Amino acid sequence: MSVESLSMAKAINLGLRQALLDDPKVLLMGEDIGPLGGVFRVTEGLQAEFGENRVLDTPLAESGIIGTAIGLAMRGYRPVCEIQFDGFIFPGFDQITSQLAKLTNRHEGSLTMPVVIRVPYGGHIGAVEHHQESPEAYFAHTAGLRSVTPSSPHDAYWMIQEAIASNDPVMFFEPKSRYWPKGDVDDSESGFPLHSSRVVREGSEVTLVGYGPMINVLLQAAEIAAAEGTSIEVIDLRSLSPIDYGPVMASVQKTGRAVVAQEAPGFVSIGSEVAATITERAFYSLESPVLRVAGFDTPFPPAKLETVYLPDVDRVLEAVDRALAY
Amino acid sequence: MPYTAATVQLLSREGTLVTSDASAEYLPLIEALSDEELQEFHRQMVVIRRIDVEAANLQRQGQLALWIPSLGQEAAQVGSAFAARPHDHVFPAYREHVVARIRGIDTIKIIAMLRGLSHGGWDPKNNNNFHLYTLVIGSQTLHATGYAMGIRLDGLMGTGNPSADEAVIVYFGDGASSQGDVSEALVFAASYQTPQVFFLQNNHWAISVPVQRQSRTPLYLRGGGFGIPSVQIDGNDILASYAVTRSNLDSARSGDGPRFIEALTYRMGAHTTSDDPTKYRDAAELEFWRNADPISRYETFLRGRGASDAFFAEVVAQGEDLAADIRKRTLELGVPEASSMFTNVYSEPHPLMVEQQSWLERYETSFDVLAGGRPDGEHA
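Which chain is which? The protein sequence lines are W and E, in order.
The numbering of the first sequence is our numbering, which starts it at 1 and goes up by one.
The numbering of the second sequence is our numbering, which starts it at 1 and goes up by one.
Everything labelled a hint here was simulated from the structure, so no lab data went into it.
Honestly, I wouldn't trust all of these hints.
Think about it this way: if two alpha-carbon atoms lie no more than 30 Å apart in a straight line, the pair counts; the simulated DSBU-like pairs of lysine-lysine are [stated by the list, open to error]:
#1 W:LYS25 to E:LYS328
#2 W:LYS25 to W:LYS102
#3 W:LYS182 to W:LYS102
#4 E:LYS125 to E:LYS328
#5 E:LYS279 to E:LYS125
#6 E:LYS279 to W:LYS102
#7 W:LYS304 to E:LYS328
#8 E:LYS125 to E:LYS109
Just so you know, these numbers come straight off a predicted model, no measurement behind them.
Take the sequences, apply the hints, and build the full model.
Encoded structure:
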């Protein structure tokens, strides 16, 4: 393989496989990740290749998975935990936020916590309650954690390996709606820093900032806007904590207008943080307020309403129009 | 919960050895101990009780934010602590000050934590594998289990070489037994057959809530429900605490899977210095347990073996010296640098930490009028 067209699920699978090959201390842990290959088949074939001592089918207990991963990391292992669905992470929330996130600090630096928690997240899969949520803000808010999310198979392939190589705990949010579309993955280059945002489409009049599942929507919006004569720049944050503001600020200084988009509810969210920071740092460059496009501040609705709940191209363009109206 | 017929006891309340079918298995482990080793048990119990008093006094005098007494639980802790081998790993809850001491942790580190100077901060690797205290009840049982899973993955149990094989002992209490994490730890331990001992100190009270609210069944029976061999001991009997823990750690180390010990003991003091047990428990109960005191019965036992007055006097004097030393060093503790807040949040560079630490330094400097500092960072 050098450049190959792969789904994100397969790209992560290959990234995990490479990490297992590179370091004998890397372990995969989670529910149904063995013979089944996980409910999204991301770990397919890995237990058969690496054995039950490297790819552990665990009991059905999220706090147990995270808590024992912490102990394994204390022992020198580098566990990669799969949480089956976004909404199932909360039984493990205490171990993540009160223990995993704080143990390096509590040990005054003598202990590292190289634990990755993979979380399939987001909507557009028509699933039942607790299976389509976007809980990333809870974790980005917690000191001691790093949070990242790829939007393409190529980024996913590299970011999962970077996350596993990190000596800090990393929340790795995988956009479920992007698991299956294929994209080119190039494994011949040397990757990129884990916490780097990037411009995925250049433009001059409005900056769209997003991450994970929203990037595809933002690119579609930019395409439509271009046809209507509006030039939009799209930035993929890729990392939610810390946030690499370099490309964001450079873009806003150029365009003077920014819209931040996400599937997650907007109140106290990544989008809120980005909007506030742009306002603080680029106030004199702005021609309009920074606007947010987000899921509504309701529980995720029954699936037949998800296309109403989730921001789509039209809602993004409506915000673009509002920004341009100033 | 009273003792039951199943409660293993090697030393009676009167200080005599108990010979029974249940004790026969364990007495050889006691017989293997020298007088010096047996006297060391006593020394540690007496000394920690004296430190306990001193630290509580320091709290009352405003020198500590909090103290967590271990009064009454000395036998459960000292016996089990001496049962672990040096290369075993010990995961405490937050009341195991004497276990910490036996593993080589200077009590001043615990004092510093409760004075508000650290969150613990010692490195288990350099402190005989004694891990940090965990204040969220029961969380550490999962860390211990994961650690023991790692020992198993490393192949360092059941090799037949006791000096290579490792085991884990994790301390928790009757209150913790209600936490989901403890049940999950027992599930994982049983599932992966980890080399570890769950050491439950049933001190009968979770702050103000009696153990009867936590469980309708003796707690050691819970272990059996998870498929883990379990035993209940008289936790105020230091010989039972030592021998049963020793035996169970040996089993775990040899690859026989996890073990569960419930040590029946009693928290004779308050939960912490913020607590007032007179509001929720009656004097008769305390009196019952005062008569089961772990130290006095052991002193009787040692005297029966010929320990001298001079020995007991020397131990008391050592306690006085250590208490004075703790007091002196507590008052000498400084305050950490403000910058230390930022330095170990992550193990690798993080832009928010850099920005905020740098901002704080500029901000603090701005108050230095003579230096001409300004809060906007233009200080030259």
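So, going through the hints one by one against the coordinates:
1. With a CA separation close to 45 Å, the supplied pair LYS25 (chain W) and LYS328 (chain E) exceeds the 30 Å bound.
2. Restraint check for LYS25 (chain W) and LYS102 (chain W): the C-alpha separation of about 22 Å stays at or below 30 Å, so the hint holds.
3. A threshold of 30 Å between alpha carbons decides the hint, and for LYS182 (chain W) with LYS102 (chain W) the separation of about 37 Å lies outside it, so the pair is violated.
4. For the hint linking LYS125 (chain E) to LYS328 (chain E), the alpha-carbon distance of about 28 Å falls within 30 Å, and the restraint holds.
5. A C-alpha spacing of about 42 Å is found between LYS279 (chain E) and LYS125 (chain E), which places the hinted pair above 30 Å, so the restraint is violated.
6. For a cut-off of 30 Å, the pair hint linking LYS279 (chain E) to LYS102 (chain W) is broken: about 35 Å separates their Cα positions.
7. With a C-alpha separation of about 69 Å, the suggested pairing of LYS304 (chain W) with LYS328 (chain E) is violated against the 30 Å cut-off.
8. Distance restraint check for LYS125 (chain E) and LYS109 (chain E): the Cα-Cα separation of roughly 15 Å lies within the 30 Å cut-off, and the hinted pair is therefore satisfied.
Violated hints, listed in ascending order, are 1, 3, 5, 6 and 7; each of the other numbered hints is respected by the structure.
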